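Asker: Respectively, the protein sequence lines represent chains A and B.
Here the numbering used here is used: position 97 in the first sequence is 97, and no number is missing along the way.
Here the numbering used here is used: position 2 in the second sequence is 2, and no number is missing along the way.
To be clear, the hints were calculated from the coordinates, so they are not data collected in a lab.
The structure displayed is predicted, hence computed values, not measured ones.
Where a beta carbon is used, it is the ideal one built from N, C-alpha and C, also for glycine.
Wrong hints could be hidden among the right ones.
[To be verified] As a list, the in silico BS3-like pairs of lysine-lysine whose alpha-carbon atoms are at most 25 Å apart:
no.	chain 1	residue 1	chain 2	residue 2
1	A	36	B	75
2	A	334	B	75
3	A	184	B	79
4	A	257	A	184
5	A	334	A	74
6	B	75	A	184
7	A	75	A	360
8	A	302	A	5
9	A	36	A	220
10	B	26	A	302
[What the hints assert, rightly or not] DEER-style ranges, computed between Cβ atoms:
no.	chain 1	residue 1	chain 2	residue 2	range
11	A	299	B	22	34 to 42 Å
12	A	366	B	19	49 to 57 Å
13	B	17	A	212	43 to 51 Å
14	A	51	B	59	28 to 36 Å
15	B	22	A	5	31 to 39 Å
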Amino acid sequence: MQRTKITNHQLYSLTANGAFGGSVIVIASAMAAIAKQDVWISALLTLVIGMPVVWIYWYLGSQYPELTFVEIMKKIFGRWIGWVAAASYVFLCLTSACRQPWYLSNFITTQVMPETPPYVINLMFVTAVVIAVLYGIETIAHASELYIRFVLFLAVLTTLLVSPNIKFENLQPVLENGMIPIFKGAYVLSCFIVFPIITMMMVYPANTDHNSEAKKSLFKGFLWAGFITFITILMSTLILGSKITASSQYPTYLLAKEISLGTIFTRLEFIVAGTWIVTHFMIGLLFFYAGATGLSQLIGLKDHKRIVIPLGLITLVMSEVIFPDVIYQANWTKHVWLPYITTHGLILPLLLFLVDLIKKRMLKARY
Amino acid sequence: MAIVSILAVLVFSTVLGITEIPKMLKQRLYRELWTFSILLAAGTILTVLKSLDVEIPNPSDFIAWVYSPLAETMKNITK
């Protein structure tokens, strides 16, 4: 089957978007609750932890350059186990795609437009996602190239304009509780910026060419996302302190509220929120795209675009069912999302990697 | 409000069915046709149920049930 190919710069920007997408504005809060003032060390540690994980993703893709992740699973695990593993992966993508509009509408209805029904916001989000998937992966990749520049804007705003308010006392004392909380924080962060890159596996081996270049793009994208996350987390702790960061739901948004330079540069927080909405749209889109293409390959359809609109309708309805309220969401994210994404983002690729190695050894030994 | 959203989704799915199904029949994509119909019917039924405030089974609960043996470990990690 002929597949559209995307360039390496597009792969890089898609990876970066997929990695920090949903988390950049909220993650500092969960991190600060665990690692206190040492969150920035955890963020750096996550970059180190993420490298081998991204390497495994790249290796799996490089072995089967013409297949998507669902097909790779079927190939390595065999037909039946592969089908079950792929179905569970598709289920992850589709439920996560339902979750993204919830986050956005929750943010909008609590911070900006409290009287708007959340379904109105979800409807706009899902409509945009469906239209984007109907246009195809090339358009999505082009859009991500544009969005990645917005994020630079977010980084500049949150670093330069708030820097007069920095209090270095907020980072002290360093290593107060030892290394254990830092490792815990790094694990939590990697569940939000490293393991979700698994959704990229529906795009990366099948829709790219030049494999050695693709490796560079994947790593560059991941590092860029990690760097942005590091900056926002560091700045939140430096300015708000770990206590306020941990207790607020949207610390980066709160951070942008602190900007006041003269009388001109005030009330810039919605620019930050806007960039977050855009990147959030991208991660929702990636999840939905991976879910739709994965589902159509799972049941053997020729064209995934046929089922996108009904799938979008289901996503829209489920977006308000999936989390009844904020408390449910907070508990679910803490106790369920972490092991859930770890199974699919770390253990599943690791198993694939090992089974693939053993299979290749056995084949070699036979001849 | 319930009436509006039920009518809207019924109109939407009828229009979508009328425009999409003949295309697929013409191209003999029967597998696509089946998946499309099942998904569209599921989406319509879910919307109607949600508009009538019927409790819809939550997939998050199912995932939480699958990972419930790990809940204690996770509580320790995220403390």
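Asker: Hint by hint, say whether it matches the structure.
Answerer: Hint by hint, here is what the structure shows:
For the proposed pair residue 36(A) and residue 75(B), the alpha carbon gap of about 17 Å is at most 25 Å, so the pair holds. About 8 Å separates the Cα atoms of residue 334(A) and residue 75(B), which keeps this hinted pair within 25 Å; it holds. Between residue 184(A) and residue 79(B), the direct Cα distance comes to roughly 9 Å. Compliance with the 25 Å bound is thereby established for this hinted pair. Using a Cα cut-off of 25 Å, the hinted pair residue 257(A) and residue 184(A) is violated, with the two alpha carbons roughly 29 Å apart.
The straight-line distance between the Cα atoms of residue 334(A) and residue 74(A) is roughly 31 Å, outside the 25 Å bound, and the hint therefore fails. Between the alpha carbons of residue 75(B) and residue 184(A) the distance comes to roughly 11 Å, so the proposed pair stays at or under 25 Å and holds. Between residue 75(A) and residue 360(A), the direct Cα distance comes to roughly 13 Å. Compliance with the 25 Å bound is thereby established for this hinted pair. Among the hinted pairs, residue 302(A) with residue 5(A) is consistent with the structure: their alpha-carbon atoms are about 18 Å apart, no more than 25 Å.
At most 25 Å may separate the alpha-carbon atoms for a hinted pair to count; residue 36(A) and residue 220(A) exceed this at roughly 29 Å. Between residue 26(B) and residue 302(A) the alpha-carbon distance is near 15 Å, which keeps this suggested pair within the 25 Å criterion. Between residue 299(A) and residue 22(B) the C-beta distance comes to about 22 Å, which lies outside the given range of 34 to 42 Å. For the pair residue 366(A) and residue 19(B), the beta carbons lie near 54 Å from each other, so the given range of 49 to 57 Å is met.
With their beta carbons about 47 Å apart, residue 17(B) and residue 212(A) fall inside the hinted range of 43 to 51 Å. In this structure the supplied range 28 to 36 Å holds for residue 51(A) paired with residue 59(B), their Cβ-Cβ distance being about 32 Å. Range check, residue 22(B) to residue 5(A): Cβ separation about 32 Å, and the 31 to 39 Å hint holds.
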